[in-house]
Amino acid sequence: MQKALVTIAVAASLGLGATAAQAAILDDVKAKGYVQCGVTGGVPGFSAPDSNNVWTGLEVDFCRAMAAAIFKDADAVRYTSLTSQERFTALSAGEIDVLSRTTTWTMSRDTQLGISFIGTMFYDGQGFMVREADGIASALDLSGAAICIESGTTTELNAADYFAANGMEFNTVVFVDQDEVVKAYEDGRCDVYTTDSSALAAERSKFANPAEHIILPEIISKEPLGPVVRAGDTQWFNLARWTYFALLEAEELGVTSANVDEMLGSDNPAIKRLLGVEGEFGAPMGVENDWGYQIVKLVGNYAEIYDKHVGPDTPIGLERGLNALWSDGGIQYAPPIR
Amino acid sequence: MTDIGFVRSAMTDARPAPRRTSGVGAWLRKNLFATPSDAVLTVLGVIFLLWVVPPLFNFLFGHAVGPNGTVEECRMPEAGACWAYISSEMEFFIYGFYDIPQHWRPNIVFALGALLLVPLMIPKAPFKRVNAVLFLFVYPIVSYILLAGGVFGLTPIPTEKWGGLLVTLIISVVGITLSFPLGIILALGRQSKMPVIKTLCVAFIELIRAVPLITILFMASIMLPLFMPQGMTVDKLLRALVGVTLFTSAYMAEVVRGGLQAIPRGQYEAAASLGLSYWKQMYFIILPQALKHVIPGIVNNAIALFKDTSLVYIVGMKDLLEAVKTKNDTALEWQSANTATTGYIFAAMVFWVFCFGMSRYSMYMERRLNTGYKR
Chain U
1 MQKALVTIAV AASLGLGATA AQAAILDDVK AKGYVQCGVT GGVPGFSAPD SNNVWTGLEV
61 DFCRAMAAAI FKDADAVRYT SLTSQERFTA LSAGEIDVLS RTTTWTMSRD TQLGISFIGT
121 MFYDGQGFMV READGIASAL DLSGAAICIE SGTTTELNAA DYFAANGMEF NTVVFVDQDE
181 VVKAYEDGRC DVYTTDSSAL AAERSKFANP AEHIILPEII SKEPLGPVVR AGDTQWFNLA
241 RWTYFALLEA EELGVTSANV DEMLGSDNPA IKRLLGVEGE FGAPMGVEND WGYQIVKLVG
301 NYAEIYDKHV GPDTPIGLER GLNALWSDGG IQYAPPIR
Chain L
1 MTDIGFVRSA MTDARPAPRR TSGVGAWLRK NLFATPSDAV LTVLGVIFLL WVVPPLFNFL
61 FGHAVGPNGT VEECRMPEAG ACWAYISSEM EFFIYGFYDI PQHWRPNIVF ALGALLLVPL
121 MIPKAPFKRV NAVLFLFVYP IVSYILLAGG VFGLTPIPTE KWGGLLVTLI ISVVGITLSF
181 PLGIILALGR QSKMPVIKTL CVAFIELIRA VPLITILFMA SIMLPLFMPQ GMTVDKLLRA
241 LVGVTLFTSA YMAEVVRGGL QAIPRGQYEA AASLGLSYWK QMYFIILPQA LKHVIPGIVN
301 NAIALFKDTS LVYIVGMKDL LEAVKTKNDT ALEWQSANTA TTGYIFAAMV FWVFCFGMSR
361 YSMYMERRLN TGYKR
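Chains as they are written, first to last, in full-length UniProt numbering: chain U, 1 to 338; chain L, 1 to 375.
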């Protein structure tokens, strides 16, 4: 049966084009000339079509950064829209080279699925949204408030735990569908709406009057979202991981897509190493020495990407919070390039 | 004496029919208020229409924001449908992620398809045979080359970028065209006296019919890659096409079998007694009669397939409905209270136009072919 299926697949793929990948992913990627990037079906700010019908977003830019490091061309990326059920299969079957799809880093996924998380592109976590008029400033003031929540989700369990731990009265209005939850909150059937803070912000941007709603500062769960690669190919894993670190390092060193050309002449050895002016950091990863320069030049540093897609000036309007650099009070931290 | 004759020498003028049986009042009485229950239903119906139609009209047209409107108008509290959103995102709804400068390619494919399909559907148009060969064999190749590119200097566009109405039409046209002959072969195979062929056909039909389409697509998207050698992948559009075609062909086979069983045994025997081979019997005698019986069933399947194409979101393809949904979720610059509703109404209207068209055409074909069974 399997043989027959393979035969059919071989015959079929001759017709509509197939991608072949064997041992080293980087070699295959170079041979085909693009990075195949698995993205969501459309989550604003993370991966979504823009007004020119091109994929855009924080996670999309990670794939673009990898393409910049490999090909000096951030557009050498093809996107595969994946549902959450098929994402890991697609990755382990080699349909995509990197999965950048709002995927939460958990231990079981990291250890049991034959995949490796390369880092946390975005620290998400469950938050609370309330109406500004209600004058609530902290999640600890929410005792007894009616909370709109999706039933049977970790969201519900997290909230229950948080309320129990703080000795508050937990009063929920439960729905089975996310859209119903939002609608109920908007119609005033409850005082609080809770889900992951990035989703809260995205939903808020769709409200008739977003400014009337505030997201409370407390984050009650850990949802680290990060890109994922297949396990077992260290070279590809390193390239993905250091692409991410280069984005952070560039922000920390103040290198932006606008000033990167001037920075080439900088005396700071850390900047010289990042931009490939000094040292040999590209070759061991299988890319050219100016990989860091290309990433920053073509895509930008982490702050630029963040502010462009989900930052305070976008409709999503998320403050940096945990996603600020370690030096600015957040927990985004890159090991030194040396 | 004079005989008093009472003979009319001229016709009297016709008098109008009694008022009770003619005019608006009578029509109303006859059709709407014939019995007390009719009267109650009429009143309820009118109330229902008054309740539904004016708000609906206001939403769709009266208070709607026209195609050239702005998002600010759509966000007004009293605004209705936001047609500006549809016109602004129309390209995504039709072509998906297909590169905007290359849109002329799908446009040519659409135009060619219409040019070939319309004369094929008009009985009086000449050159049917050439037309059919062009549509069934040349057109798919030309379309594929145009859409996928990579040869003749056309920029290659991977199928992941195809989307919207384009994908809906590709899947439904390919699905309908392929599943029809496949279904006929399966139906004939099921009636065959050769045990192997018969068993295979029965097994295929019963297996596929017993599984929901959504499961077949899940299989194609999640299980299939696990069977493949590492790095070997099958194009997603192809998976969807194969899944949808196989699924529909099983249903088509059962519809055609119904037609075959409606043909009296005498027809088979008569055909055989003429000394025709099996295929000639089927082609000249049996199938023309059998298929005529089951046109409604066949069209039913075609319409169902057209609507089922929206399930390909399971393999991550963005068909029309999924394209609309994606923009509803992600086009933040167009967010307003009625944006998503307008998007769904638009998708429903497109689906309705195509399905209604198919249904009307099938009724026309039935009337034209209905030579011996008129009731």
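Derived from the structure by calculation, the hints contain no laboratory data. Among these hints, one or two may not hold up.
[What the hints assert, rightly or not] Label pairs and their in silico Cβ distance ranges:
(1) Met-349(L) - Thr-153(U): 27 to 37 Å
(2) Gly-144(U) - Tyr-344(L): 34 to 44 Å
(3) Asp-179(U) - Val-24(L): 24 to 34 Å
(4) Phe-61(L) - Pro-315(U): 22 to 32 Å
Model, not experiment: these values are computed from the prediction. For every residue, glycine included, the Cβ atom is placed at its ideal position computed from N, Cα and C.
Quick check: does the Cβ-Cβ distance between Met-349(L) and Thr-153(U) fall within 27 to 37 Å?
holds (34 Å)
Go ahead and decide if the range 34 to 44 Å is satisfied by the Cβ distance of Gly-144(U) to Tyr-344(L).
Once the Cβ atoms are compared, 37 Å apart, the range 34 to 44 Å for Tyr-344(L) and Gly-144(U) holds.
Tell me if the beta carbons of Asp-179(U) and Val-24(L) are separated by a distance inside 24 to 34 Å.
Between Asp-179(U) and Val-24(L), where Cβ atoms are some 48 Å apart, the hint is violated.
Taking the beta carbons of Phe-61(L) and Pro-315(U), is their distance inside 22 to 32 Å?
holds (29 Å)
When held up to the earlier numbered hints, the structure conflicts with hint 3 and nothing else.
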